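**Q** For reference, the chains in residue letters:
There are 2 protein chains.
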Amino acid sequence: MSRPSYENFVAERESILAEEAKRYLGSDLELSPKEKVVNEILKREKNLELVKGFADPGSFAPAKHFFDALDDVKASKVFKILRKMPKFGVLHCHDTALLSTDKIVAFTYRANLWICGDLFTSVPRFLFSREKPADGSWVKVADEREKFGATRYDAAMRSLFTLYAPDAVQKYRDINAMWSKFMELFAALDPIVGYVEIWKDYYYETLKEFYEDGVQYLEFRGLLPELYDLDGNKYEALDIAGMYVEVLEKFKAENPGFVGSKFIYAPLRFADNAVFERYLQTYRALKAKFPDFIAGFDLVGQEDTAFPLKGFADHWLKDGHGIPCIFHAGETNWNGMDTDENLVDAILLGTKRIGHGFAAVKHPRVLEELKKRDICVEVNPVSNQVLKLVDDYRNHPAAILFSDNYPVVVSSDDPSFWEATPLSHDFYMAFVGIASKHADLKFLKKLAMNSIKYSSLSDTEQKEGTKKWQEAWDKFLDDVIEADKKGL
Amino acid sequence: MSRPSYENFVAERESILAEEAKRYLGSDLELSPKEKVVNEILKREKNLELVKGFADPGSFAPAKHFFDALDDVKASKVFKILRKMPKFGVLHCHDTALLSTDKIVAFTYRANLWICGDLFTSVPRFLFSREKPADGSWVKVADEREKFGATRYDAAMRSLFTLYAPDAVQKYRDINAMWSKFMELFAALDPIVGYVEIWKDYYYETLKEFYEDGVQYLEFRGLLPELYDLDGNKYEALDIAGMYVEVLEKFKAENPGFVGSKFIYAPLRFADNAVFERYLQTYRALKAKFPDFIAGFDLVGQEDTAFPLKGFADHWLKDGHGIPCIFHAGETNWNGMDTDENLVDAILLGTKRIGHGFAAVKHPRVLEELKKRDICVEVNPVSNQVLKLVDDYRNHPAAILFSDNYPVVVSSDDPSFWEATPLSHDFYMAFVGIASKHADLKFLKKLAMNSIKYSSLSDTEQKEGTKKWQEAWDKFLDDVIEADKKGL
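Note that the protein sequences, when read in sequence, are chains A and B.
Heads up, the first sequence is in my numbering, so the first residue is 2 and it goes up one at a time.
Heads up, the second sequence is in my numbering, so the first residue is 2 and it goes up one at a time.
I should point out that these hints are in silico values taken from the structure, not numbers from a laboratory.
Since the structure is predicted, the reported quantities are computational estimates derived from the model, not experimental observations.
Just to be clear, a hint being listed does not mean it is correct.
You can't tell identical chains apart in this list, so a pair holds if it fits in one copy or across any two.
Stated by the list, open to error - Keeping only pairs whose Cα atoms sit at most 25 Å apart, straight-line, the calculated SDA-like set for lysine to any residue is: (1) LYS53 to LYS182; (2) LYS319 to PRO5; (3) LYS23 to GLU369; (4) LYS353 to PRO408.
So that you can see chain A by itself, here it is in the shape it has in the complex:
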């Protein structure tokens, strides 16, 4: 039992901690003198929050449920800095779960919207139509709003389109209960955003909100559900993708600092062979027509409930040649089940990134393959908490991925449904709640840079994207230094 001298202890201690610091996500970056100034401001503010949280853990925002932490986060100076920060890309989120709830409520002010069912006590159906729809007892939303008063009516509308509830922790007993409400929400929303005029505006407003939140690139998953208009026309996958591209071009022309957006076709995983075959055909048609916009393929829906990836493996490996895949896998806290073993399948099926990968840390061979194959994990902190995988951000497994420089990005999944900003709240939880106290601007810059590197942007696009991000980054540094003089 030989022990070091105190001097050697101090030296070995410093050496081990320094080695860990060197392995931490972002530690390979060198900060410029100006970045170092901003880093000192950032570290000062982060440290204040940690000291306060350490003394009174119950008041620490990342130890609370997200819905109870919203006001704390809003008041945080670290959050203010993160809002301004050019974070570059959101690489994991879903088509109709992007826009802020207020904008959704505003859409319900559009003419010709009908409602069937009681907004106050049930989940009603909606439809845009010139005439009163035939089946069921439909009334005009405008009339109802008049009748109940806009304040009361809009509050009910608002609560329909968010998972937010002050008593959410008690209200949703488990992941299945939460997913059931989550699916209900998507279903109620579909006929509103599925109205073709709104669909386009939804995407335009989304790009706007994301860009305002420091997001210059949006790589999102979608189902391309059938859309409709007032004249009885139906719009299918190719039409919808065309609309996205049209809106995107408009937005890019208006916002030269914005880099772009790409689409991962991600229909429901609850599919048999015939349906899966149609998915692949749709993908090929989309890719042929919009080669720059279409980025890859995925499947969506609660992973635990059924249809593991291995069931699609045969079909995929025979018919999926040349289709890039970016699979959800391991969005679960079960261990040794099909859901977490999806991680192995996703890797072997050639996934470029992994959506969530919450269970990856329990699989040593998966961890090794992530590094060996340079597969990036799309971490969605707030989603994982709201959808009942983890209670306290400090226990989020991404802490382990950060600690040893795994390829990761931080993303937001469905920010619309939990009152989150497009990306800043997830960055906040990752930075203050999940990462080490020692994580600083290098960590955040690395997350931004990873979202360039692991995006589906081509090499040329990545170069252009990096240039635009660097411009925004330089401006951000000046802004923070300036704002700090006035007390942030």
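We have chain A; now place chain B onto it with these hints.
**A** Just chain B now, kept in the frame of chain A:
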């Protein structure tokens, strides 16, 4: 982007999962034919519980708070098997937090016990004394019990000595609130168990309960607080250790299948240099007098609140020569703070095992050193949940330690305070809640064997211990096979 054929996919998938299985804790063991029979029974019952839990996660005991899961666990057939299983050693638990609450309440029936303060609305003080104590308004417990009726009085007494509360999740806001109640509980209990006659009986009854729960060896931490008797005598460290040894010898003589018990002297970490010096002197005196009973040194008390190990390093490395240490470290979900960096200190200060090590998985160099130096982590699942480190056992970091064969034991910390059996509840949560679905009898057998290997038993004692454990294990196998015929 070359992808495997489906046949190669299937082969690679099996190979990766097989490699993970080979790295899992216990996978190096070979089961005998009889063990294989028991394993099939065990796997069958575990699988039934997992299938049920997977379908309805809110009903899954390891997804609930321990206090809400007690009835589920009691009804579990896996738990019934675990109760019978010879688990060999408890290597992490604390002197006055071992015995079941019913036995504590029974102690309050002893003659000459006085109470000061209202049992129903406050935390009262207790004292054994022939005469009425001078300070304050003391009354006899026997008279009070008579007055209020034993049922009501004992219920209040019971709730004083347990953290159990049906609303515990809401009641205790954070780890600090829980620890404050926890410390209050120790303080209320001290003058009861500190009465010299009860102290000895407490230890005797503890050995009995542990042995009945399949524990043949108890390596526990204690403060050796001053004891008293009715004649005004005080008993100090050496006297108390002598009592332990006396009781232990008696118990061993009566129970030849029991292996033994050793003691880790673990006074409070809230200590300055002078106090620490006294700790080391006390340790040396104890070790000189009871060389076989005294196993090592540690410090106790909530780690987050202050006094990190590095503060004792200089003193320890100069004056601690030859003293084995078994330090608490990293019992926290903070990251990058003194508390989790205690892990680095514990390792460099020469710790034989690590108490809790909850934060170890966030420290890649710590993980490497654990393997390199063969330092065993003492995992205490139920304690970590009740004391507010983790909510859902499926997110317990030990899942990662199990997945890659780190040196670990499962222990129970303070089973007295949360209505747990001496070790079986912790084994249940580790086996059903934390470990992979694939973990089976090999995993459990390995935990038992690790508790021999990483104990402070000498080589000779380990040999004798292994023999006694093997006898109990063989009997257990027959018992399970027999019981299964009658439906467990």
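**Q** Determine for every hint whether it applies to the structure shown.
**A** Comparing the hints with the structure gives:
For the identical chains of this complex, LYS53 and LYS182 are inter-copy neighbours only, at 21 Å across copies versus 35 Å inside a copy, given an alpha-carbon limit of 25 Å. Taking the closest pair of Cα atoms, LYS319 and PRO5 come within 25 Å of each other only across two copies (10 Å); inside a single copy the shortest separation is 60 Å, beyond that limit. Taking the shortest alpha-carbon separations for LYS23 and GLU369, both the intra-copy value of 19 Å and the inter-copy value of 15 Å come in at or below 25 Å. Taking CA atoms no more than 25 Å apart as the test, LYS353 paired with PRO408 passes inside one copy only; the shortest distance there is 11 Å, against 34 Å between copies.
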